[in-house]
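Engineer: What follows is each chain in one-letter form.
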Amino acid sequence: MKKPILIFVALICAMLGLVRSTLAESQFSDLAIYSQTLPNGMRLLVKEDHRSPTVAHMVWYNVGSMDEVDGHSGLAHALEHMMFKGTPKLGPGQFSKQVAAAGGRDNAFTSLDYTAYFQQIPKEKLGEMMALEADRMRHLTVDPKEFAQEIKVVMEERRMRTDDNPQATLFEQLNAVAFQAHPYRRPIIGWMNDLEAMTAADAKRWYQDWYIPNNATLVVVGDVNPAEVFKLAQKTYGALKPRVLPERRQQHEPEQRGVRRLEVSAPAELPVLVMAYKAPSLRKPAEETTPYVLKMLAAILNGHEAARLNQQLVREQGLAVSTGADYDMTSRGPALFYLYGSPSQGKTVEALEAALREQIKQIQESGVTEEELKRAKAQLLASEIFKLDSVFGQAMEIGMLESAGLSWRDQPTLLAGLQAVTADAIQAQAKALFSDASLTVGVLCPTSAAKPPARRPSSPVRH
Amino acid sequence: MSLKTIGYPLNSWLLIAVSLLTLFTPLANAAAPIQHWVTPSGTPVYFAETKGLPIVDVRVDFNAGSAQDPVGQSGLAALTHTLLDLGAGSDDEASIARKFADLGAQLGGSVEMDRASISLRSLSASDKLPPAMALLRQILSAPHFDAKVLERERQRSMAELKDALTRPEVQANRAFWLTVYGDHPYGRQMDEASLTALTRDEVVTFFRQHYTRNNAVITLVGDLDRAHAEKLTGKLSEVLAPADLASVASIPEVSIAAGKTVQIEHSASQAHILLGLPTIPRGHADFFPLLVGNYTLGGGGFVSRLMQEVREKRGFAYSVYSYVAPMRQAGPFQIGLQTKRDQAADALKLTRSVLESFVAEGPSDKELAAAKANLVGGFPLRLDSNKKLLENVAVIGYYGLPLDWLDTYQAKISKVSRDEIRQAFKRHIRGENLNTVIVGGGE
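Residue numbers (the numbering used here), protein chains in the order written: chain X, 1 to 463; chain L, 1 to 443.
Derived by calculation from the structure, the hints in this document are not laboratory data.
Just so you know, these numbers come straight off a predicted model, no measurement behind them.
Fair warning: there could be bad hints in the mix.
Straight-line C-alpha distance at most 25 Å; calculated SDA-like pairs for lysine to any residue [unchecked claim]:
#	chain 1	residue 1	chain 2	residue 2
1	L	Lys235	L	Gly400
2	X	Lys123	L	Ala373
3	L	Lys162	X	Glu269
4	X	Lys431	X	Gly324
5	X	Lys377	L	Gly109
6	L	Lys366	X	Glu269
7	L	Lys340	X	Asn107
8	X	Lys387	L	Met133
9	L	Lys99	X	Arg308
10	X	Lys377	L	Ala94
11	L	Lys162	X	Gln317
Under 7 Å between C-beta atoms, here's a sample of chain X residues computed to sit facing chain L [to be verified]:
#	residue
12	Arg51
13	Gln98
14	Ala101
15	Leu415
16	Gln419
We put the beta carbon where it would ideally sit given N, CA and C, even for glycine.
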């Protein structure tokens, strides 16, 4: 059991140059992460935060939609829905009832990389939650009738999230074009046709393959005593037997050789332009520098209202209604560096693309200023402190790092890596990254059928 | 922006419902009692000191929400609010944004119907908080309302409005407020005509009339002591103009009319359905019976009757919820769902029958016990961050709820009886006043 978080906070404080007295040891001595691994291979991570008598309890399975195969897209997410449908001990829906009775809130989410389940609860209910979660890690009932009902809910979810959402549709299609071999090309929610074909047996197999303690990480953050949490975990999760995990085949994306372009026509008024460049994600935090450089570049382009893109494209040139840049360095698979925006009325998507390219060219040729870099770092450091305000947010951060194949121990390394980024490195990476060879351009083209009906709704047709 | 994660029941509609519920159930940490005073310049302050993190959150709520928009000038409150930090005092918009960023401070804000809010999150360090507060004073006292910037923001709002109006959920929401509130200020909405007509003079006048020291409430939460809090809020209050409260419209009472059904065509694959009517203002005696009852009906997430019947048993919808959102005047009760267009009629029929039987019978003893267990037991979760505490204290301050609201909250929940719930629902959720909005689907 170590206390690296103390080092982490101390590091931030040193960087911030905060007055020592405002960050007395006593305020932070209780913020620490403790780790253990159960004999069955399940990893346990516990972080103390004693500000309120609440706890975030999460179980992260190291399986996401990227582990699916063609024809079975959406399976990881569909199983996530089925996890609320009961065990021999607990009828359908009873799980959430028990959480609610404990004064808690529960939920779950599926990503490309992972599937996670959580409860936010008053601290005295933690043991009860762990028993419930351990029960459904091993004993889930996948009843065909329940499945048939629940897959309809998932289809409604797809309609709401994607089919009736032009921007979400654009991103779904963009991923499908940017990636040809890597499973990131498939949508997390699944293609509608795959949802229609999916069976309870598929879900059951997925569950048996992946829902095992040696593929799970427990994250507990809140008003807890770590030693007691470990004891509870041994009693609940510790009783489950490990199994051999299925083979995971590496599916590397072949090198892209030239611009890919796609259009999505959908009911809307504003066109949307997305330019996505292939970019590396973080693998070896202590050795690599590129992901940190790209993260700081994104901050300089888009970190505040007067950052480059908004200031120049929206405010000064009046070219765009909105614009931005985005890059997430933590993921199991490859990353994309996004530039995006919507053109102002009378301006074209082509003009916006040219302007975004010009922004990149300026950085390639002239770099960024020390002032911009210093500002981005100041924002980063403050946000590291602000993040500690949310108990749930702290649990999320730990779980996401672990799910990306990194470790909670890397937190200070990541922060140091970001702080070490230089203006020269940003210019060099801008030259290396932004090449048409790895670019995918997606455009949302509003259809004229999108015209809204008369603003005033028709008069009452029924009483 | 990329769709990287999808949650099980979380979606925009539910998030809206949840955020309204948060407003609906203000609470404060027993460990952080609310202190209240009025600054020498006359602005009420609500303050909760919290230890543990070197953060200070400040929030100023002005009685300058969209319900203050004069007739024909819908969008004025929103545009005024947007322009506050786009040039003020000796700084232009870029300079203000850069200064906040250099301090690591985060400026936020929102415009609701009842209030316009500006919030600042800053580190509490002595080289961070004072300059961040100075910037906040600057934007609240000396905004430029530069004509060119105003024009640009008008064009942006216009583009975003036109795009939003193509979306079924936006159309449904607008139709809901219009249908439920009619000509009442809560029913007014910005449209292309009103946005086009707004002038700089109107913005300047709106600011002078509404962003004043007596038309504001300051909320402060975080790592500072009372003396420091008094000093900061005193200085903030002092720079605001004195009030001419005669020019601030009081929001009229809501009259409740016969319910209507509004159907709007849309090509979306799902129909969006909203049902509702005006209910109670903040501070109403039926608050707790409605809160506890609504938990069972549609506020309690997966365990609610609506979720059980509409989603779990029939697979009609991904999200279905109900909420009651008290406002300065009678705020709405709303049920919302979205479903495949060809089953809209069936889903609506089922939803109505769940509502009708709940209004007629109220919760069972078991349901009532479950509702209380969650609402009472889950109390600490509503307050376990500075951010949550800030929002709750701000509601208490702005709406003048008793300072012991938090201390008595659990006891008040515990006391609610089945009969009180039945009576409150019968009084406020009357079938003949219920409005229905359906966007998409079709007969």
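Engineer: What are the numbers of the hints the structure violates, in ascending order?
Structural biologist: 6, 13, 15 and 16
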